[in-house]
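Asker: The whole structure should be built from the sequences, with the hints applied where relevant.
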Amino acid sequence: MSASPQKVKRFAEVSIAVMLMLGIVTLALAPFTGHYRGFYLSIFLGAIIVVASVVYLPIVRMKKAEDLRGVGVPAIQSLWISTSMGLGYVVTALAPYFNINFSTAVALFVIGWVMLIYGCYALLKISKESKVPLSV
Amino acid sequence: MASQAGKEVKDVYGDYATLTVPPQELRSTLNIFMVYMGVLAVIAAIFAGSGLATMYDLTTTLTVSLIGNALLAIFGALIAYMGGTTRANTYMLLRYPLGRVGAMIGSLVISALPLIMWYAVETWLFGITVNVIYPGHPLTSIAVASAWGGILMMLTAYIGYRAMAILSYITVPFWYALIAIGLFAAVDVAGGFGALWAARPQVIAPLSVGITYVFGLYASGCVIAPDVSRYGVKKWSGSIAWALHVLIFMTFLLFAGAAMTLLTGSPNVVVAIAQLGLGVGALLLAILGQWTTNDNNSWSAALAWINIVGKLKRSQWVAIVGVIGTIIAAVWGGVWGMSLDPFIAFGTFLGYFIPPVGATMVADFYIFSKLVAKRTYVFGPGTKYATINIPGIIAMIAGGVAGWAATVYGVKVPTGVGVADAIIVSFVLYLVLAVGLYKAGLKFEVGEWVERPTGF
Chain A
1 MSASPQKVKR
11 FAEVSIAVML
21 MLGIVTLALA
31 PFTGHYRGFY
41 LSIFLGAIIV
51 VASVVYLPIV
61 RMKKAEDLRG
71 VGVPAIQSLW
81 ISTSMGLGYV
91 VTALAPYFNI
101 NFSTAVALFV
111 IGWVMLIYGC
121 YALLKISKES
131 KVPLSV
Chain B
1001 MASQAGKEVK
1011 DVYGDYATLT
1021 VPPQELRSTL
1031 NIFMVYMGVL
1041 AVIAAIFAGS
1051 GLATMYDLTT
1061 TLTVSLIGNA
1071 LLAIFGALIA
1081 YMGGTTRANT
1091 YMLLRYPLGR
1101 VGAMIGSLVI
1111 SALPLIMWYA
1121 VETWLFGITV
1131 NVIYPGHPLT
1141 SIAVASAWGG
1151 ILMMLTAYIG
1161 YRAMAILSYI
1171 TVPFWYALIA
1181 IGLFAAVDVA
1191 GGFGALWAAR
1201 PQVIAPLSVG
1211 ITYVFGLYAS
1221 GCVIAPDVSR
1231 YGVKKWSGSI
1241 AWALHVLIFM
1251 TFLLFAGAAM
1261 TLLTGSPNVV
1271 VAIAQLGLGV
1281 GALLLAILGQ
1291 WTTNDNNSWS
1301 AALAWINIVG
1311 KLKRSQWVAI
1321 VGVIGTIIAA
1331 VWGGVWGMSL
1341 DPFIAFGTFL
1351 GYFIPPVGAT
1361 MVADFYIFSK
1371 LVAKRTYVFG
1381 PGTKYATINI
1391 PGIIAMIAGG
1401 VAGWAATVYG
1411 VKVPTGVGVA
1421 DAIIVSFVLY
1431 LVLAVGLYKA
1441 GLKFEVGEWV
1451 ERPTGF
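Line by line, the protein sequences give chains A and B. Start counting the first sequence at 1; every next residue gets the next number (the working numbering). Start counting the second sequence at 1001; every next residue gets the next number (the working numbering).
Source of the hints: derived by calculation from the structure; they are not laboratory data. There may be inaccurate statements among the hints.
[Said to hold, decoys possible] With the C-beta cut set under 8 angstroms, the calculated list includes, among others, these residues of chain B facing chain A:
| id | residue |
| --- | --- |
| 1 | SER1028 |
| 2 | ALA1195 |
| 3 | TRP1197 |
| 4 | ALA1198 |
| 5 | GLY1277 |
These numbers come from a predicted model, not from an experiment. Beta carbons: idealized from backbone N, C-alpha and C, even for Gly.
Answerer: Spelled out as structure tokens, the structure:
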């Protein structure tokens, strides 16, 4: 059974907002990484997440809920980029090159997994409800 | 269902392999751009940058990359526009410059055969890279890793296996970020940007060699650009997306690959990333980029085979292409431990004929059809095509031979630069023959093929 268009739009907005918040958290963690390499990594990946969310959130908000494809396409594009950067934190946070102190590295690693798992779930759900293929 | 010339036609093969794309399936310019970016996200592009680093310093690498990619952007944008205008894929577009049977031959040359070769080569590289990262385990021997890698890549394309599809899908944006991180890490470790710009090989090759090298890397991609651009919401969506992704991101990838090699001294970028300490996960992601490219290889090859044979569905052809490619990689390359050079050589030889096909397409669509014969490209059941377009076949073969002779023997017809000669010869020859025969009132298209209800 399909969810109502309003619920799909709401879910898309909330999902992008969740990614935005997590992106801001990773930016806030940048000064606590303990090494300039970790600092720039957090700034770089965090900034991509924030920009991808800030740009797309108003686009999704402006679409009418009935226009499921119009909602689904930008939502999937935004979540695609954010989820991918979450994967980035998973694979780089604990890498030796970045010299991130252990507690911050673990925090970034966990945030990365949260973004990755939630992002995959949101992508699949929005794709299914809006009938927009993932390869948008 | 798709509407063709006012009739509703069932898409029996899938993915509109023999039909034009209906309006409800069109996608934004950004979407088309993202698909091209997924195709470009392949470790081989970085290795190509490493290849440039053995010939040039970084400034010259950037120069040849920009010039080569600008040429690719123009050539590809022209061909992509044909897909955007007609909503037809490459193999359908070939029905006009080569004829219907000629299009089958052209499809074999540009996609059906070489993409199986490249599927095998990418799968083999996957096996080698996994073996480099995790040596000494039975599952990571080149043969076994190639086998499971090839099967996984095929599954993604065949059944759209969601977990795998989403894995390769979400890899792409970070893949580009990872290459940027690798570049800056190499600069950081090797002593800053001063060291980067000072690094250079002992001998600098002529500019023309590098430009040809860069153009040759992606010339075949230009020719199959309509497979994606036909989905563009605007006629020019595919052209813009193609030009931007090649000019900016391919240049970036070549530059990054060259920089990492010049700074770390390693011609193998995967090894370079490992040396920098970016972690095993980053290495795995680097090879996952190959996944999205092989998806596209098998998908494009399947479209070509459907247009050649007219039997089986797209998903079945994807499986056939994947199985053959995987067997070549795992058995020939892995079990027998033999080099895939013969396959690469065969793929490279066919590659000489790919730019001429593109040049013939451009000459026919933009000049002969538009300005001389005043015909438009039409597709749909009942449409009549010539069986063979003689000037098109001659131009394709002559251009390919000219490119081969220039590259292998240095024959100047007229420039001595392989890809350039292939394009010039086929473009000029097609126009001379087609326009000349048309003006003289002589028949140059042989036979007649009526499109079937399935679009075949």
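Asker: Would the hint on B:ALA1198 be counted as holding, given a Cβ-Cβ threshold of 8 angstroms to chain A?
Answerer: For B:ALA1198, the interface hint is violated, since the closest Cβ of chain A sits about 23 angstroms away, which is over 8 angstroms.
Asker: For the hint on B:ALA1195, does the least C-beta distance to chain A fall short of 8 angstroms?
Answerer: Status violated, d = 17 angstroms.
Asker: Regarding the hint that B:TRP1197 lies at the interface with chain A, is the smallest CB-CB distance below 8 angstroms?
Answerer: 21 angstroms, violated
Asker: Close enough to count: is the Cβ of B:SER1028 nearer than 8 angstroms to one in chain A?
Answerer: 7 angstroms, holds
Asker: When the nearest CB of chain A is found for B:GLY1277, is that gap smaller than 8 angstroms?
Answerer: Because about 4 angstroms separates B:GLY1277 from the closest Cβ in chain A, which is inside the 8 angstroms limit, the hint holds.
When the structure is compared with the earlier hints, violations turn up for hints 2, 3 and 4 and for no others.
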